[in-house]
Amino acid sequence: DKEGNEYERKIRKDQVCCIEIRLSASPEAMAEIIAQGRLLDWCRESVKWAQREHGKENIVSAVLHMDEETPHLHVSLVPVVQGESKKQATTKKRLAKDKEMAAAEGAEAPKKKRRYKKKADASTLRLCADDIMTKSGLKRRQTEYAEVMAQFGLRRGEEGSPARHKELAQYYKEHCEEMHVRLDEVLAELAKVENLLVKKDAEIESRDKVIRQKEDEISGKESELAEKNREIARQQRELEELKPKVEEERSKFDTLFTANEYLEGVELSADRLLASYDSREKEVRKIEMEALERINKASISILARKDVERLAKENAGLKLLVSGKDSEIEKARGETEKERKAREEAEADKKQLEKTVSGVHSALERRHPEETRLLRELVTIGVSDPKCQDYILNGGSVTYKPYPWKDPSNGKRIPKEYCQEVIIKKEGNGNDSFISMCGMRIADFFKHIWAKVTEALGLKKKQEEEQRRQQKPESPRRGMKM
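Under this note's numbering, the first residue of the sequence shown is numbered 1, with each subsequent residue one higher.
Treat the hints as calculated values from the structure; they're not laboratory data.
Glycine residues also receive a C-beta, built at the ideal position from the N, C-alpha and C atoms.
Among the hints, erroneous ones may be present.
[Stated by the list, open to error] Straight-line distance between alpha carbons at most 25 Å, and here's what the computed PhoX-like set of lysine-lysine pairs gives:
{"no.": "1", "residue 1": "Lys139", "residue 2": "Lys13"}
{"no.": "2", "residue 1": "Lys416", "residue 2": "Lys452"}
{"no.": "3", "residue 1": "Lys351", "residue 2": "Lys243"}
{"no.": "4", "residue 1": "Lys416", "residue 2": "Lys252"}
{"no.": "5", "residue 1": "Lys425", "residue 2": "Lys447"}
{"no.": "6", "residue 1": "Lys135", "residue 2": "Lys56"}
{"no.": "7", "residue 1": "Lys387", "residue 2": "Lys447"}
[Claimed, not checked] The following label-pair restraints were derived from C-beta to C-beta distances:
{"no.": "8", "residue 1": "Val181", "residue 2": "Arg212", "range": "40 to 48 Å"}
{"no.": "9", "residue 1": "Thr134", "residue 2": "Glu194", "range": "47 to 55 Å"}
{"no.": "10", "residue 1": "Ala104", "residue 2": "Val78", "range": "55 to 63 Å"}
{"no.": "11", "residue 1": "Gly395", "residue 2": "Lys416", "range": "25 to 33 Å"}
{"no.": "12", "residue 1": "Val78", "residue 2": "Gly37", "range": "32 to 40 Å"}
Use the sequences and the hints to build the structure in full.
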């Protein structure tokens, strides 16, 4: 006991040596305690209450169960009580047993109820679960426990409720049945979830397959893109290497073009000289024929002789002239032969240059079709300066003063008096880009200019006709006397 005294007393075979009590609350109240983080505090206060109520030395264990819907404490205690038993009369079961024993022995059945023999000391400790598990005691403990647990927001259940205590085995049996039902429901849900998972796995596998295919395609595209980028870089390097050659060939082309013009002028001079030589030769032949005819037909006279001498002198002079012309012609022919060879070499260089330029243009058209198209448009209107071309293609605009532009479609030049200031720049992007003149496409610009020229010329013609009509004198009327 509390004073440290030990007592010995025989325990019956059917004696209740341990009682298990369950401390808990409603699922909602326990969930609130857990949410507040006070579950351990609730356990400590519950154990302290059990120790105060039944004695600390009588508490065997206190176990927290969290495996069910509501957390709860299982407290095991020894039902030790103090004092004389309150049960004075024998129970019906005990009386019936006494009668059976008396009948078996052939003795007379007891007429009076059997009574317990009172102990000498009423403070003796004894085991008695009946004294603890009384109806009034249970009500009292529920009320006291609710008062202690009020600090956790718990309150006592409704007193006098028709609910009755169930045996532990019955409780566990019903609980197991409920758990089996719930388990069947959970298994059914789990089967549905597994079927759904199988479908989802199939969908995921299909999507993974599609993703892998897309990744393979992307990888292939990336490889192609990398290869194209390398090819573009290589072509750009080639273009950079070709630019000085193009500039050099362009300067050679300009030089050859100038030389070609010079050769054409020399050829024209040689042709004129040859034509003059042929004309002189025809005149000499004509004079010789006339002289021969005169010699044959004329009489031998002084006059004829003088004519012959004169003609001979003229013939000799003409021959000298012709011989001089022959030397000049031979010289011109020699110079013409050199010029012809130079022209042939120039033509060969020109063809080679045109071939190189054509190859460069083809490469440019393959690699940069848009820029090549825009460059061609600039060249058709006479913008051949590379700096101006680069400036316009890079988004800049160039303003030209009034200039007789040449129409690319028909080769005609606009009259100077109808020329205007022109702004040339690049419009649009990508395939829609074009070279604009005063905000219009090249063809539209020249159509607009020619329309203005046509209108102005028509108006000018009408004005001239009107002016001539006004200046023309009126004819005299018929019947008037002058």
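What hints, given by number in increasing order, does this structure fail? 1, 4, 7, 10
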